[in-house]
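For chain A, the structure is supplied; the task is to place chain B on it using the hints.
2 protein chains.
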Amino acid sequence: MKAFEDIQNIITTELETINWNKDPRGLYEPIGYVLSMGGKRIRPALTLLACNLFSDNVQPAVNSALGIEIFHNFTLLHDDIMDRADVRRGRPTVHKKWDDNTAILSGDVMQIASYQFIAQTPSEYLKQVLDLFSKTAAEICEGQQYDVDFENRDDVKAEEYLEMIRLKTAVLLGCALKTGAWIGGAGEEDAQLLYDFGINIGLAFQLKDDLLDVYGDEATFGKKIGGDILCNKKTYLLIHALELAKGEDGAELENWLNAFDDNLSNQKILAVTSLFNRLGVKSICEDKMQFFYTKAIANLEKVSVLENKKQELRKLAEKLMFRND
Amino acid sequence: MKAFEDIQNIITTELETINWNKDPRGLYEPIGYVLSMGGKRIRPALTLLACNLFSDNVQPAVNSALGIEIFHNFTLLHDDIMDRADVRRGRPTVHKKWDDNTAILSGDVMQIASYQFIAQTPSEYLKQVLDLFSKTAAEICEGQQYDVDFENRDDVKAEEYLEMIRLKTAVLLGCALKTGAWIGGAGEEDAQLLYDFGINIGLAFQLKDDLLDVYGDEATFGKKIGGDILCNKKTYLLIHALELAKGEDGAELENWLNAFDDNLSNQKILAVTSLFNRLGVKSICEDKMQFFYTKAIANLEKVSVLENKKQELRKLAEKLMFRND
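Taken in sequence, the protein lines are chains A and B. For the first sequence, our numbering gives the first residue as 2, with consecutive numbering after it. For the second sequence, our numbering gives the first residue as 2, with consecutive numbering after it.
Isolated chain A (complex conformation):
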């Protein structure tokens, strides 16, 4: 069994061997820039770890894993344009460092590049991996669309939110795992259990993200705490707060949602956070996160390989849940 760190090293090394230093520079340079920003490489790691459950040789899954990672970074690139996000991982985003048109076109070719890596999946698995990858890619776009739609709605239900984050975040984890499992030679039942493991981990992961954005430690989290509160993002916390806040609490929450004065930023963050605490939505969110985490672990337990082979995936799931960044 390979350790998570060894798997990460394989991915980092392989990613670095891709040459983006080619003409036209204006098209390919931003891709190298985005991929050099780092990130935890969780998705390709999941592919290789899932493959490793069934096969000692993870090499046949490397190109598919890279395709998934490149696709993930492509979605960040285009999402950053749509969200007008200026900074990612402490560095200017592509549309900020270059411009919108560059970010659009480099993103487009990055999506194509992700398919070029997926196309290098061993031929016996190509069709099924390709179909799952495309289905997943479309779902991610659907999730992003729902996310945008929710901005203009005041009646988003918790269930709708969970479906949105399933599409936007969880399905790519499921796809990464199932792809690796297939290439490792897993049977359909195990491959599906790993897909479900990915979905549940992904849902828990996003709820953790919502929590960190409010309750995280700014130094380790890497972005400003309270960002979601400031832009009224309909997270699992806010959706429940909107549902639960009655009387004075309801009026106060409503008030803060209409406050966009930069000078009141810190006050808004403090006030909404204390409303969240008072309404108990922090623990609602934590409970739901725990619920999905437990389901994920149950999925993993059912996978028909020796328990000790699963420890790296279990450790990774734990790390994602109990992280501070």
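Be a bit skeptical, because a hint or two may be false.
The list makes no distinction among identical chains, and a pair is therefore deemed to hold if it is satisfied within one copy or across any two copies.
What the hints assert, rightly or not - Calculated cross-link-like contacts (lysine-lysine; reagent style DSS-like; alpha-carbon spacing at most 25 Å):
no., residue 1, residue 2
1, Lys234, Lys158
2, Lys247, Lys289
3, Lys98, Lys158
4, Lys23, Lys158
5, Lys97, Lys320
6, Lys310, Lys97
The hints are simulated quantities; they were obtained by calculation from the structure and are not laboratory data.
The following block gives chain B in isolation, referenced to the frame of chain A:
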């Protein structure tokens, strides 16, 4: 042999059966809108005509043909954002009818949809079709990038321009033809001859476009004559004019290139057109167009099927060259 019109009917019918009327509406509705705008469906027609050279049954090539047409329309969608084009085929473009973010995200999922159709290529040809498609898709982005780069350069050479339009326009025609040929069962030599036929027709087609933009008839051309002149687009005509205009002609051309006053639009178009005529760049462009057209016909002649089977492709090539719109 199927006639071009029959082939077009197959494509139109198949395109209409695709359901874009699904959730989230904001994501899929613009795709239905773009594909309902019409267009000549030349690329998928080329795929089916090429297939038909080698096989009476074109059905196995239909999904690949649709993938190519959807990809083509995706590039128009994203190009229109980058070019800030408000109108296409007489109707508002997606970023105008909706907004930029919608156009970006619908385009992204449209690119994925094109891969979903390509993935339905008969399995024995899937890998080679997929690889050619991705290579071509990346080349089209490269062509678009060079096109953008050229806007900020005053020293673009005719050869660079031809390479740009090869990437931006011609390779997709070549890809469409080669894909159809493969699926029809063509040998590698014939498939490559059809690819080259597509490249040469594509180059001639784009030069024809440059000519129509200046010398076309507004009523049949469908867009305003002189658009390229007004935005100083570095077409094959302007690149040669810049090279040939000396003394007074050079000063006059330079002057007009610096004139952006809307009130002088008609004057600018007339003056630059008459400079083009005086400098003989119209016939330089026509000669080059003829050169590629002749090469294309020579490629087609070498394809090892009976001459009478080729008449639809020859007729289509003629139509593209001697069109007025």
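Same-copy or cross-copy closeness of Lys98 to Lys158 [CA-CA at most 25 Å]:
neither (37 Å within a copy, 29 Å between copies)
Could you place Lys247 and Lys289 in one of the four classes (within, between, both, neither) given a Cα distance threshold of 25 Å?
within (22 Å within a copy, 75 Å between copies)
One pair to classify: Lys97 and Lys320, alpha carbons no more than 25 Å apart. Within, between, both, or neither?
neither (32 Å within a copy, 45 Å between copies)
Regarding Lys310 and Lys97, is the shortest C-alpha distance of 25 Å or less found within a copy, between copies, in both, or in neither?
neither (44 Å within a copy, 54 Å between copies)
Within, between, both or neither: Lys23, Lys158 at alpha-carbon 25 Å
Classified as between: cross-chain Cα gap 20 Å, same-chain 47 Å, threshold 25 Å.
At most 25 Å between C-alpha atoms: does Lys234 with Lys158 qualify within a copy, between copies, both, or neither?
Classified as within: same-chain Cα gap 14 Å, cross-chain 51 Å, threshold 25 Å.
This entry does not satisfy hints 3, 5, 6, going by the numbered hints stated previously.
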